[in-house]
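If you read the sequences in order, they're chains A and B.
Counting with the working numbering, you get residues 1 to 113 for the letters of the first sequence.
Counting with the working numbering, you get residues 1 to 113 for the letters of the second sequence.
Read the hints as simulated data drawn from the structure, not as lab findings.
Don't take every hint at face value.
Partial selection, computed: residues in chain A whose CB lies under 10 Å from chain B [as the list claims (entries may be wrong)]:
id, residue
1, Phe11
2, Asn12
3, Val13
4, Thr24
5, Pro44
6, Lys45
7, Tyr51
8, Leu87
9, Asn91
10, Val111
11, Pro113
Each pair of labels, with its calculated beta carbon distance range [as the list claims (entries may be wrong)]:
id, chain 1, residue 1, chain 2, residue 2, range
12, A, Glu3, B, Glu53, 21 to 27 Å
13, A, Gly58, B, Ser66, 40 to 46 Å
14, B, Glu3, A, Glu15, 39 to 45 Å
15, A, Ser28, B, Glu85, 45 to 51 Å
16, B, Asn52, A, Cys40, 31 to 37 Å
17, B, Glu59, A, Lys45, 35 to 41 Å
18, B, Ser66, A, Asp77, 27 to 33 Å
Here are the simulated DSS-like cross-link-like pairs (lysine-lysine), alpha carbons at most 30 Å apart as the crow flies [unchecked claim]:
id, chain 1, residue 1, chain 2, residue 2
19, A, Lys2, A, Lys45
20, A, Lys79, B, Lys83
21, B, Lys42, B, Lys57
22, A, Lys112, B, Lys78
23, A, Lys2, A, Lys105
24, B, Lys57, A, Lys42
25, B, Lys57, A, Lys105
26, A, Lys45, A, Lys108
27, B, Lys57, A, Lys112
28, A, Lys45, A, Lys79
29, B, Lys57, A, Lys79
30, A, Lys79, B, Lys78
We put the CB at the ideal spot given by N, CA and C, even for glycine.
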Amino acid sequence: RKEVEQDPGPFNVPEGATVAFNCTYSNSASQSFFWYRQDCRKEPKLLMSVYSSGNEDGRFTAQLNRASQYISLLIRDSKLSDSATYLCVVNRGYGGSQGNLIFGKGTKLSVKP
Amino acid sequence: EPEVTQTPSHQVTQMGQEVILRCVPISNHLYFYWYRQILGQKVEFLVSFYNNEISEKSEIFDDQFSVERPDGSNFTLKIRSTKLEDSAMYFCASSESTGRIQYFGAGTRLSVL
């Protein structure tokens with residue numbers, strides 16, 4: 001099983017659509033979970049951290065299910081500017097490796113007018 | 001807003017040459033990281049650095065690679081003898097503490113000819 005696995009995409013959606021991304025991770029010791037977005041040939045930028053209780057930031061909602069080792073991201077009322085690759089990111093979780101981030105390959109989202 | 005800065009933005013070098021990629025982490029951050037992303041692939045962890053020493057390194061980070069914090073602000077990645085397969089985007093990141101959010105620089109695109 002890959003360390004972090006995401007829907008391969010691409011997702012092509014019209015403006016205003018709701019889109020959901022899913023991610024699974026293999027290391028049960030992981031403690032920190034994030035969604036980053038990456039525009040073409042740019043650096044990853046933090047979108048939001050993900051907590052067990054779930055968290056929401058405007059149009060974005062993230063959920064974490066530790067038992068299933070599953071993370072999700074929901075984008076409501078998608079905008080053209082949401083077009084990017086969405087990266088599921090997990091830390092390695094143990095000892096000195098807590099800071100080492102493991103990235104999924106990302107899911108590309110294209111929002112069309 | 002504080003940011004991680006990287007120089008140069010693009011480095012072209014001949015195979016076998018040494019390159020030094022430079023990073024200035026966010027000033028109050030204590031943990032520093034290097035990642036790389038080969039075109040079309042996922043972001044991969046290279047090395048983490050804390051308290052003037054390497055905390056952890058991946059199997060990619062072999063003897064050709066080294067990191068240094070030569071002064072109070074810079075954090076460098078040196079590749080001693082570049083290979084064609086070292087061509088990638090190299091991202092520097094920093095965080096306040098391990099397991100916390102990592103902020104990424106804009107990256108250095110390394111092209112080995």
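If any of the earlier hints don't hold here, list their numbers in rising order. 1, 2, 3, 4, 7, 10, 11, 14, 15, 17, 18, 20, 22, 27, 29 and 30
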